[in-house]
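Chemist: Read off the chains here:
Protein chains: 2
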Amino acid sequence: MLIDSVIGLKKLSSRLLSVNIDTRNRALAAVSEAIVENKSYILSENKKDLDSALNINGSLYKRLVLTNNKIDEIVEGLKTLISLPDPLGKMQMNRELDSGLTLSRYSVPIGVVGVIFESRPDALVQISSLFLKSGNCGILKGGKEAINTNRALFKIITDAVNSVSDILGSSLQLAESREDINEILKLDQYIDLMIPRGGNDLVQYIKNNTKIPVLGHTDGICHLFMDGDGDIDLGVKVTVDSKCQYPAACNAIETLLVDEKIAERFLPEVQKALNERNVELRGCKKTQSIINVNKATDEDWDTEYNDFILSIKVVSNLEEAIDHINTHGSGHTDCIVTQNEQKWDNFFMSVDSASVYLNASTRFADGNRYGFGAEVGISTNKIHSRGPVGLEGLTIYKYKLTGNGNIVDDYATGKKSFTHKELQCE
Amino acid sequence: MLIDSVIGLKKLSSRLLSVNIDTRNRALAAVSEAIVENKSYILSENKKDLDSALNINGSLYKRLVLTNNKIDEIVEGLKTLISLPDPLGKMQMNRELDSGLTLSRYSVPIGVVGVIFESRPDALVQISSLFLKSGNCGILKGGKEAINTNRALFKIITDAVNSVSDILGSSLQLAESREDINEILKLDQYIDLMIPRGGNDLVQYIKNNTKIPVLGHTDGICHLFMDGDGDIDLGVKVTVDSKCQYPAACNAIETLLVDEKIAERFLPEVQKALNERNVELRGCKKTQSIINVNKATDEDWDTEYNDFILSIKVVSNLEEAIDHINTHGSGHTDCIVTQNEQKWDNFFMSVDSASVYLNASTRFADGNRYGFGAEVGISTNKIHSRGPVGLEGLTIYKYKLTGNGNIVDDYATGKKSFTHKELQCE
Numbered sequence: 006m007l008i009d010s011v012i013g014l015k016k017l018s019s020r021l022l023s024v025n026i027d028t029r030n031r032a033l034a035a036v037s038e039a040i041v042e043n044k045s046y047i048l049s050e051n052k053k054d055l056d057s058a059l060n061i062n063g064s065l066y067k068r069l070v071l072t073n074n075k076i077d078e079i080v081e082g083l084k085t086l087i088s089l090p091d092p093l094g095k096m097q098m099n100r101e102l103d104s105g106l107t108l109s110r111y112s113v114p115i116g117v118v119g120v121i122f123e124s125r126p127d128a129l130v131q132i133s134s135l136f137l138k139s140g141n142c143g144i145l146k147g148g149k150e151a152i153n154t155n156r157a158l159f160k161i162i163t164d165a166v167n168s169v170s171d172i173l174g175s176s177l178q179l180a181e182s183r184e185d186i187n188e189i190l191k192l193d194q195y196i197d198l199m200i201p202r203g204g205n206d207l208v209q210y211i212k213n214n215t216k217i218p219v220l221g222h223t224d225g226i227c228h229l230f231m232d233g234d235g236d237i238d239l240g241v242k243v244t245v246d247s248k249c250q251y252p253a254a255c256n257a258i259e260t261l262l263v264d265e266k267i268a269e270r271f272l273p274e275v276q277k278a279l280n281e282r283n284v285e286l287r288g289c290k291k292t293q294s295i296i297n298v299n300k301a302t303d304e305d306w307d308t309e310y311n312d313f314i315l316s317i318k319v320v321s322n323l324e325e326a327i328d329h330i331n332t333h334g335s336g337h338t339d340c341i342v343t344q345n346e347q348k349w350d351n352f353f354m355s356v357d358s359a360s361v362y363l364n365a366s367t368r369f370a371d372g373n374r375y376g377f378g379a380e381v382g383i384s385t386n387k388i389h390s391r392g393p394v395g396l397e398g399l400t401i402y403k404y405k406l407t408g409n410g411n412i413v414d415d416y417a418t419g420k421k422s423f424t425h426k427e428l429q430c431e
Numbered sequence: 006m007l008i009d010s011v012i013g014l015k016k017l018s019s020r021l022l023s024v025n026i027d028t029r030n031r032a033l034a035a036v037s038e039a040i041v042e043n044k045s046y047i048l049s050e051n052k053k054d055l056d057s058a059l060n061i062n063g064s065l066y067k068r069l070v071l072t073n074n075k076i077d078e079i080v081e082g083l084k085t086l087i088s089l090p091d092p093l094g095k096m097q098m099n100r101e102l103d104s105g106l107t108l109s110r111y112s113v114p115i116g117v118v119g120v121i122f123e124s125r126p127d128a129l130v131q132i133s134s135l136f137l138k139s140g141n142c143g144i145l146k147g148g149k150e151a152i153n154t155n156r157a158l159f160k161i162i163t164d165a166v167n168s169v170s171d172i173l174g175s176s177l178q179l180a181e182s183r184e185d186i187n188e189i190l191k192l193d194q195y196i197d198l199m200i201p202r203g204g205n206d207l208v209q210y211i212k213n214n215t216k217i218p219v220l221g222h223t224d225g226i227c228h229l230f231m232d233g234d235g236d237i238d239l240g241v242k243v244t245v246d247s248k249c250q251y252p253a254a255c256n257a258i259e260t261l262l263v264d265e266k267i268a269e270r271f272l273p274e275v276q277k278a279l280n281e282r283n284v285e286l287r288g289c290k291k292t293q294s295i296i297n298v299n300k301a302t303d304e305d306w307d308t309e310y311n312d313f314i315l316s317i318k319v320v321s322n323l324e325e326a327i328d329h330i331n332t333h334g335s336g337h338t339d340c341i342v343t344q345n346e347q348k349w350d351n352f353f354m355s356v357d358s359a360s361v362y363l364n365a366s367t368r369f370a371d372g373n374r375y376g377f378g379a380e381v382g383i384s385t386n387k388i389h390s391r392g393p394v395g396l397e398g399l400t401i402y403k404y405k406l407t408g409n410g411n412i413v414d415d416y417a418t419g420k421k422s423f424t425h426k427e428l429q430c431e
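Note that the protein sequences, when read in sequence, are chains A and B. Per the numbering used here, residue 6 is the first one in the first sequence, and the count goes up by one each step. Per the numbering used here, residue 6 is the first one in the second sequence, and the count goes up by one each step.
Rather than coming from a laboratory, the hints here were simulated on the basis of the structure. Each hint should be verified, as a subset may be incorrect.
All copies of an identical chain are treated as equivalent in the list; a pair is satisfied when it fits inside any one copy or across any two copies.
What the hints assert, rightly or not - Computed cross-link-like contacts, DMTMM-like style, restricted to lysine to aspartate or glutamate with a CA-CA straight-line distance of at most 25 Å:
hint: 1; residue 1: K44; residue 2: E123
hint: 2; residue 1: K44; residue 2: E150
hint: 3; residue 1: K277; residue 2: E324
hint: 4; residue 1: K420; residue 2: D371
hint: 5; residue 1: K95; residue 2: E431
hint: 6; residue 1: K300; residue 2: D77
hint: 7; residue 1: K15; residue 2: D328
hint: 8; residue 1: K405; residue 2: E181
hint: 9; residue 1: K266; residue 2: E81
hint: 10; residue 1: K95; residue 2: E304
hint: 11; residue 1: K149; residue 2: D56
hint: 12; residue 1: K277; residue 2: D414
hint: 13; residue 1: K242; residue 2: E281
hint: 14; residue 1: K426; residue 2: D350
hint: 15; residue 1: K15; residue 2: E304
hint: 16; residue 1: K291; residue 2: D206
hint: 17; residue 1: K290; residue 2: D303
hint: 18; residue 1: K75; residue 2: D415
hint: 19; residue 1: K160; residue 2: D307
hint: 20; residue 1: K75; residue 2: E304
hint: 21; residue 1: K242; residue 2: D414
hint: 22; residue 1: K216; residue 2: E123
hint: 23; residue 1: K67; residue 2: E285
hint: 24; residue 1: K191; residue 2: D206
hint: 25; residue 1: K95; residue 2: E150
hint: 26; residue 1: K95; residue 2: E346
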C-alpha cells in the first residue's frame with residue numbers, strides 16, 4: 006500500500022515541475038486561510054492529544070501544546086513564505102562551451118523527500134508549506150503523541166491545496182506508524198532524501214537502516230568561547246541567552262570555554278547571572294579554583310544536556326578553544342566573544358561548524374531568524390545543506406545543454422576546441 | 006593504523022583552511038613539473054602493471070595504459086585547474102538580520118573525502134589535484150591492477166606538494182587494499198563523504214556498508230529521443246556519436262527512442278550509420294516492422310551495455326518518451342533531437358536527469374567538457390552535486406554571524422524585530 010503510494014509520488018514529482026509559482030503561492034494562501042477558519046477544530050483535536058499525553062514528560066508535553074498564539078505564528082510564517090522568491094528555475098550558470106553549444110544550470114526540486122519530526126504540531130505545517138513552495142513531494146511522519154492534531158492539520162492543508170491544484174494536493178502524504186517508516190527506508194529507488202528531526206537515537210537508527218541519503222543533525226553540542234579580549238558584560242549577556250533562552254533547543258550552548266587571562270574576572274560574573282536562572286554549573290579544575298561549582302567529568306564535554314546545565318572549561322588560548330570545539334562539538338553553532346578582529350578571523354576560519362558567531366547568541370541559528378521563512382531541519386552534514394535548511398536546501402539543479410548537432414568526436418580528434426566562455430545569467 | 010591516519014586527516018582538515026590559493030596553485034604547478042620530469046619512471050611503473058594484467062579483459066586493459074600522450078593530457082588538465090578561480094571563501098549571501106547583526110555565508114571545503122576509483126591511473130592525478138585546489142583532505146583507493154602506477158604517481162605528487170607546503174602534502178593518503186576500504190567505511194565520524202567511481206556493484210556495496218554520505222552514480226542508462234519534428238541527418242549524427250564515440254563511458258546512450266511519426270524515415274538511416282560502426286541493434290515490435298533487427302526484451306530497457314549495442318523503441322509521442330526515460334533511465338544524461346521549441350521546453354522540464362540536452366551528443370556530460378577542469382566523478386544523486394562533480398562539488402558553506410551582544414530574547418519578547426535586508430555580496 007504505502008509502497009504504491011510512494012511510487013506514485015515519484016511519478017508525480019516530475020509533473021509537479023509544471024506547477025508555476027503563482028499556483029504554489031495561491032495554494033499556500035489557501036492553507037493559511039483554512040488554518041484560520043479551522044482554528045477551533047485544530048485546538049479541539051490538539052486537546053485530544055494533550056488529554057492522552059498527561060503522563061509524558063514536561064518538555065515533550067509543552068512542545069505538543071497548540072495555542073491561539075502559536076496558530077497565529079504559523080499563519081504569520083506562511084505569509085513570510087509566500088513573500089519569498091521562487092526557489093525554482095533560477096539560472097545558476099550560463100557558459101558557452103563552443104560557438105552554438107551552450108551549457109546552463111537551473112534550480113529544480115529534489116523530488117521525493119521524507120521527514121520524520123518530533124511532536125511539535127507546528128512542524129507539520131512548516132514542513133508541508135516548504136514542500137509546497139519548493140515543488141517537492143513529501144512524506145511526513147509526525148510523533149504519535151500528536152496524531153490527532155497532525156491528522157486534522159494534514160486534512161486541512163491538503164483540502165486547501167486541492168482546491169487550488171490537484172497535482173499539488175497529491176504531493177503530500179502522511180505516514181503514521183513506525184512500521185511505515187521501516188517500509189519507507191527500503192524505498193531508496195523512489196525517495197531522494199530523508200530528514201529525521203529528533204534525537205540522536207532516531208537519526209542513528211535511520212542512518213543504519215537505509216541507503217537513502219540522510220540530512221540531519223545528531224547532537225547539538227554548541228560552545229561559547231569567552232576570549233581574553235572580550236567584553237565581560239557582553240559575554241555574560243550572550244552566555245545567558247545562549248544557555249537559557251530555550252535550553253531544549255539544539256542551538257543552546259552546552260559548554261562555556263573561558264580564556265585563562267579573563268577567567269578570574271569573568272567567571273564570578275557569569276556564575277552570578279546563571280545562578281539567577283538556576284543553571285547548574287560543572288567546571289574543570291581551574292574553574293573550580295575560581296568559583297564554587299560541581300566537577301565536570303570528561304563525559305560532560307560530549308554531552309548535550311538539553312537542560313539548565315552548563316559545563317565550563319578554562320583554556321590557555323584561542324587555539325585550545327578551537328581544538329576543544331572541533332573535537333567535542335557537533336559542528337552545529339559556536340560563538341566567540343571578543344573585540345579582537347584577528348582572533349575572530351582565526352576562529353571563523355578554523356572552527357568547523359555550520360554557523361560560527363561573533364558576539365551573538367547561538368540561539369540565532371534558526372531558519373526563521375536567518376530569514377528562510379521556515380526550516381525543514383538543521384543539518385550538521387558536510388554536504389548539500391548545512392545549518393538551518395530552508396527552501397534552498399530543498400532544491401538541486403539540472404544542467405541544460407543546447408546544440409545544433411554537436412558531437413564529441415570533433416573535439417576528441419582536435420577538429421574543434423572548447424571556448425568555455427562565461428555568459429551572463431538571465 | 007589506517008584509523009589513526011584518518012583521524013589525523015580530520016584534525017588536519019581545519020588547518021588546511023589557512024593554506025591560501027597562491028600556495029595551493031603553486032603546489033599544483035609543482036605536481037605538474039614533477040610529472041613531466043618523471044615521465045619515463047611513471048611509464049616504466051605502468052609497464053609493470055600492464056605486464057601483470059595481460060589476462061584482464063580488453064577494455065579494462067585499455068584503461069590501464071598510460072602513454073606519453075595521456076601524460077601530456079594530465080599535465081594540460083593541471084594547467085587548466087590552476088587557471089580556475091579559487092572555489093573557497095566565496096561569499097554566497099550577505100543579509101542584515103537587524104541593525105548591527107549581519108549574516109553571511111562563505112564556501113569552504115567539505116573536509117575529508119574518500120574516493121574509490123577504477124583502474125585508470127590518470128584518475129589518481131585528477132582527483133588529487135581537485136582535492137589540493139579545493140582544500141580537502143583525500144583518501145584515495147585505486148584499482149589493484151594499477152598499484153605500481155598509482156604508487157609512483159602518489160609519491161611524485163606528495164613529494165612535489167611537500168616541497169611547497171607540509172600541511173598540504175599531508176592532506177592526501179593512499180589506501181591500497183579492500184580491507185582498507187572496509188575499515189574506512191566504519192569511520193563516519195571522521196569522513197564526510199565517500200565517492201565510489203565504478204560499477205553498480207561497487208556503489209551498492211559502499212551504500213550498504215556505511216553511514217558516510219555517498220555520492221556517485223550507479224548505472225549510466227542514457228537515452229536519445231528522436232522527435233517527429235527533429236532533423237534526420239542531425240539525429241543520425243548525434244545518435245552515432247552518443248553511442249559510438251566511447252561506448253564504455255557512462256554517458257553513452259543505451260536506448261534510442263523514436264517518434265512513430267518519423268520512424269519510417271529515420272530508422273533506415275540510423276541503421277545504416279550504426280551498421281557501419283558494427284553496432285548491434287535490438288528493437289521493439291514496431292522497430293522490427295520497419296528495419297531488420299534483433300528483438301529487444303523488457304530487460305533491454307534497463308540494461309547498460311557499455312558496448313556497441315543499442316536498443317530501439319518506437320513511441321507514440323513526447324509524453325511516452327519522457328515517461329520511458331523517467332522510468333527506465335538512471336537520471337544521468339538524456340537528449341532530444343527536435344526543432345520544436347515547445348517540445349524541447351517540455352522535455353527539459355519533465356525529464357528528471359542531471360543533464361538534459363537538445364540536439365547534442367550525450368558524450369558531452371563530462372567535467373572537462375563542462376569546463377570544470379576535471380571531475381571527481383559523475384553524480385546521479387539528487388542532493389549536493391548532480392552531474393559531473395568538479396571543484397564546486399567538493400565545497401560546502403559556513404554561516405558567519407557577527408553581532409555586538411545580540412540576544413534572541415529581545416526578538417522572542419517583541420522588544421526588537423528582524424529586518425532581513427539583503428546586502429550586496431563582496
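Chemist: Against this structure, judge whether each hint is valid.
Modeler: Outcome of the hint check:
no.: 1; hint: K44 - E123; result: within (21 Å within a copy, 59 Å between copies)
no.: 2; hint: K44 - E150; result: within (20 Å within a copy, 68 Å between copies)
no.: 3; hint: K277 - E324; result: neither (28 Å within a copy, 70 Å between copies)
no.: 4; hint: K420 - D371; result: between (54 Å within a copy, 19 Å between copies)
no.: 5; hint: K95 - E431; result: both (9 Å within a copy, 21 Å between copies)
no.: 6; hint: K300 - D77; result: neither (44 Å within a copy, 63 Å between copies)
no.: 7; hint: K15 - D328; result: between (44 Å within a copy, 12 Å between copies)
no.: 8; hint: K405 - E181; result: neither (39 Å within a copy, 38 Å between copies)
no.: 9; hint: K266 - E81; result: neither (46 Å within a copy, 53 Å between copies)
no.: 10; hint: K95 - E304; result: neither (47 Å within a copy, 37 Å between copies)
no.: 11; hint: K149 - D56; result: within (13 Å within a copy, 64 Å between copies)
no.: 12; hint: K277 - D414; result: between (75 Å within a copy, 19 Å between copies)
no.: 13; hint: K242 - E281; result: within (13 Å within a copy, 79 Å between copies)
no.: 14; hint: K426 - D350; result: between (35 Å within a copy, 24 Å between copies)
no.: 15; hint: K15 - E304; result: between (44 Å within a copy, 21 Å between copies)
no.: 16; hint: K291 - D206; result: neither (34 Å within a copy, 55 Å between copies)
no.: 17; hint: K290 - D303; result: within (12 Å within a copy, 71 Å between copies)
no.: 18; hint: K75 - D415; result: between (63 Å within a copy, 18 Å between copies)
no.: 19; hint: K160 - D307; result: neither (42 Å within a copy, 39 Å between copies)
no.: 20; hint: K75 - E304; result: neither (37 Å within a copy, 54 Å between copies)
no.: 21; hint: K242 - D414; result: between (66 Å within a copy, 10 Å between copies)
no.: 22; hint: K216 - E123; result: both (22 Å within a copy, 22 Å between copies)
no.: 23; hint: K67 - E285; result: within (22 Å within a copy, 67 Å between copies)
no.: 24; hint: K191 - D206; result: both (19 Å within a copy, 18 Å between copies)
no.: 25; hint: K95 - E150; result: neither (40 Å within a copy, 44 Å between copies)
no.: 26; hint: K95 - E346; result: between (36 Å within a copy, 20 Å between copies)
Violated hints, in rising order: 3, 6, 8, 9, 10, 16, 19, 20, 25; the structure is consistent with all others.
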